[in-house]
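Chains as they are written, first to last, in this note's numbering: chain Z, 63 to 525; chain C, 765 to 1212.
A portion of the hints provided could be inaccurate.
Computed list of lysine to aspartate or glutamate pairs in DMTMM-like fashion (alpha-carbon distance at most 25 Å, straight line) [unchecked claim]:
(1) C:K1062 / C:E1097
(2) C:K813 / Z:E311
(3) C:K1018 / C:D906
(4) C:K813 / Z:D256
(5) C:K813 / Z:D316
(6) C:K813 / Z:E398
(7) C:K1018 / C:D1132
(8) C:K813 / Z:D388
(9) C:K1018 / C:D1005
(10) C:K1062 / C:E1011
(11) C:K1062 / C:D906
(12) C:K1018 / C:D1148
(13) C:K813 / Z:E246
(14) C:K813 / Z:D72
(15) C:K813 / C:D833
(16) C:K1018 / C:E1125
(17) C:K813 / C:D834
(18) C:K1018 / C:E1129
(19) C:K1018 / C:E1029
Honestly, the hints are just simulated from the structure, not real lab data.
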Amino acid sequence: MVDVVSVGTDVLADAVAEQAAGVERVDWRPPVPGTEDDLATVALDPLRPGANEQALAAMLAVQARLVDVRPAGEVLGLEPGRFLHAGPPIAWEQASGPLRGALMGAAALEGLVEDPEDAAERFARGDFTLEPCHHHASVGPMAGVVSPSMWMWVLEDPASGRRTHCTLNEGLGKVLRYGAYSPEVIERLRWMNDVLGPWLRVGVTQSEPVDVTGILTQMLQMGDEAHNRNRAGTLMLLRDLMPAMIRAEGDQSDQADLAEVVRFVGANDHFFLNLAMPACKLALDAARDIEGSTMVVAMARNGTEFGIQTAGTGEEWFTGPAQVADGLFLGDYGPEDANPDIGDSAITETAGLGGFAMATAPAIVRLVGGTVPDALATTRRMREITLGENPRWSIPVLDFDGTPSGIDVARVCRTGILPQINTGMAGAVAGVGQVGAGLVTPPAEIFPAALAALAARTRARVR
Amino acid sequence: MSTHVEVRPGAYADSVALLQVSREVQQVAGVAAAQVAMATALNLEVLAKMGFDLPASTPNDMVVAIRLDDDAALGAALAAVETALTRRSRSTETATEPHRTTATALLDAPGAIVLVSTPGASAAVEAMDALAAGHDVMLFSDNVPVAHEVALKTYAAQHGLLVMGPDCGTAVVDGLGLGFANAVEPGPVGIVAASGTGCQQVLCLLDHAGVGVTHALGVGGRDLSAEIGGAATREALRRLDADPAVERIVVVSKPPAPEVAADLEQYAAGLGTPVSWALLGAGRLDLTAASEDLLAEKPTWPVDGQARPSAGPVRGYYVGGTLAAEARQILDEGAEVIDFGDDEYTRGRAHPMIDPTLRLERIAEVGDGVLLLDVVLGHGAEPDPAERLAPAVRAAVERGVAVVVACVGTRHDPQHRERQVAALVEVGAEVHLSHAGAARRALEVSRG
């Protein structure tokens, strides 16, 4: 029984303990330097408690359903010459190797150039447009490049009709999203457009809408944290789509193609990531534009910069240099080969999965040579910077505690604890592909910057 | 330079484990490169790029591939593979890290009161965590901006919560002392106090008179100012009125701003429990007189020891701010009264009720007249104040200085008032329970 929570000097906590009363001591430390005033302003904002409660509740209420899969040109109206990418806005000049490589490959896929190498000049000349996935109700893993012919999952929130989108996952190794654009990469993408996409469409449109949020609930109890480990989720997706695909008639009756589709999906442990991500975005978008809320609604990296958006600051991005992940490398690759952090996949951590759900996927912690207790401690530590827990996504080993959900900019500044992200590492040079996987955090300075903007809005409103 | 490639059919470990194994083997002396992996197409590609000859295998096999700078290292490298593969997970302590914010600490503490003593600039942030989660707060922190206090108390008033403070040194909630609080028996009196040591003096006098106190709710020194408007006082009155154990309420404070006084008096008049006002300051009651007003019969306040007359100035050296203020009210104008708990003496130092060093230094400089001191006991205060004060008093008495002490405490306090008094009397001090009594006595002694 805790009678007193003591934050500050130990003498006063001791004095309470001396009276045989229960004391819980907060391990208080000074906040990130320079944030005291902004923290107080935001803490005392009369709108904040209700706004944060509303933001968290809105996020937790969303039930994502898979309703369609179609080319980006159709679902987003994306035209040839326009490309989406991961992270906050960026120009070709600032783009990192893997983002450039993915854009070059996509340009070749769309037939805008014959040889991917020819695309660099066209991008540099400004012939093509670059826009963030996040600005088009979409998310993309790693480089996150989307071009019109790529097929995209369409997820819908039945309550509001809102939708989010994500491309189909290519697998690991030499793949476009890691910046590879060799002929086999382009060939695989064409097969995905011509065979995989249409077959999945049969499965999706001729089945009951797949409950993606529900699959996330189950996979968290099966050792997936839905960012670097999506094995159970991938197989459950196949389970839900296969009956309709097997029953298919007419154009989609080629059993050899179907076998290849099933083999491709089943062999790709990350296939479900591209459904987990838009499900997370669908949930977080429900929390956007709530004045006074300090909750983070997006964390995304473009390979050069790491950006966050908050519920209380509209479309504004707060950005800083993306960090290089700490982890293990494939083959001969080492830290010097790795590109800084890239991808919209940190949307999973933003929603309480990935690094935040580390405790449910102990294998992931070994990416940085950690231990199972580290995994448990990480999830518990993330609870220090989140507004609440997701009762739907519970972690058996933590006695079914919900995943820590709703990152609070203010709590990050108060504690100096940064969100922990599980991630893959792309090679720094265009065309290389994946070089490793590991753990990374956002650049620390973007949280005080977001806090300052929130505090400025509060001051403008309260005065 | 040589290579070793072997296939282990049917052996399995997950890819993350194998990355770890590979890294450990790479660190063995004499190993140039190593890769231990399941023989998937991707991994075989990686191995080929590293220059290994690929053996016949299926994706269900494990491949161990090692390139050696020193052929003799093969045994050590393979041993490292075995060690890494068979390592059992370390059973590390799973001790939970402490919470870093009040908000998260409260997840494990339903119904707890929150005691905030961080630096003033951060206090409102922690206090707001408590209020937002529906908990009362005691704000021990000083240097909290007025605007923060207004915002906290406005929120608290809207939600029926109590903010005790800021700069609230003392509270007793349901018998539990918070901050610097004396151990008293529960009883019919409830105190609302804008002053910490003022509250302690009243607690101790009532305790001596055999009257118990169930709650002493602090409100912070600024609560009855026009800016704050008595928000916490009002809530504290409401709480005390609602508690059937409280038969009588006393408010201990400097005189409120006139509009606040009128407002609160009207509020108090509507309560079922009688409220009396111990308003301190020039031309008003002292704490002892205010306490006597609560009692049916005026008791004789205890005095131990006897100071010898010593003509000269009275110097009042204090740890308690309200006691110092009371001394200024009672002593002649021009008497030197220092409050060692004032900001000027506490920057970068603990409160003198915890660290008496500065006052002891000053006492050692006095060579004539009368020294008037307070010793404040209770939870949170130093464990044995007489231990360091008695030698200083003895030295002062030996220099011809008369020493009069107000020892504010009860027999239940962890420092044991009797023991503190005995130690001080033994070295020549005259010790009072009533501070006003001590101050008047100091005046008398100083006249020779």
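Structure-based check of each hint:
1. Taking the CA atoms of C:K1062 and C:E1097, the gap is near 29 Å; set against the 25 Å cutoff, the hint is violated.
2. With a C-alpha separation of about 43 Å, the suggested pairing of C:K813 with Z:E311 is violated against the 25 Å cut-off.
3. Of the pairs offered as hints, the one joining C:K1018 and C:D906 holds, with about 18 Å between alpha carbons and a cut-off of 25 Å not exceeded.
4. Distance restraint check for C:K813 and Z:D256: the Cα-Cα separation of roughly 31 Å exceeds the 25 Å cut-off, and the hinted pair is therefore not satisfied.
5. With a C-alpha separation of about 36 Å, the suggested pairing of C:K813 with Z:D316 is violated against the 25 Å cut-off.
6. Under the criterion of a C-alpha separation no larger than 25 Å, the hint pairing C:K813 with Z:E398 is consistent with the structure, at around 18 Å.
7. Restraint check for C:K1018 and C:D1132: not satisfied, since their Cα atoms lie roughly 33 Å apart, outside the 25 Å limit.
8. About 23 Å separates the Cα atoms of C:K813 and Z:D388, which keeps this hinted pair within 25 Å; it holds.
9. Distance check on the hinted pair: C:K1018 and C:D1005 sit about 22 Å apart at the alpha-carbon level, within 25 Å; holds.
10. Under the criterion of a C-alpha separation no larger than 25 Å, the hint pairing C:K1062 with C:E1011 is consistent with the structure, at around 19 Å.
11. For the proposed pair C:K1062 and C:D906, the alpha carbon gap of about 36 Å is over 25 Å, so the pair is violated.
12. The suggested pairing of C:K1018 with C:D1148 is violated, with an alpha-carbon distance near 31 Å, which exceeds 25 Å.
13. Between the alpha carbons of C:K813 and Z:E246 the distance comes to roughly 17 Å, so the proposed pair stays at or under 25 Å and holds.
14. Between C:K813 and Z:D72, the direct Cα distance comes to roughly 59 Å. Violation of the 25 Å bound is thereby established for this hinted pair.
15. For the proposed pair C:K813 and C:D833, the alpha carbon gap of about 18 Å is at most 25 Å, so the pair holds.
16. Restraint check for C:K1018 and C:E1125: the C-alpha separation of about 31 Å exceeds 25 Å, so the hint is violated.
17. Distance restraint check for C:K813 and C:D834: the Cα-Cα separation of roughly 21 Å lies within the 25 Å cut-off, and the hinted pair is therefore satisfied.
18. The straight-line distance between the Cα atoms of C:K1018 and C:E1129 is roughly 33 Å, outside the 25 Å bound, and the hint therefore fails.
19. The straight-line distance between the Cα atoms of C:K1018 and C:E1029 is roughly 15 Å, inside the 25 Å bound, and the hint therefore holds.
Comparing the model with each earlier hint shows violations of hints 1, 2, 4, 5, 7, 11, 12, 14, 16, 18; every other hint is respected.
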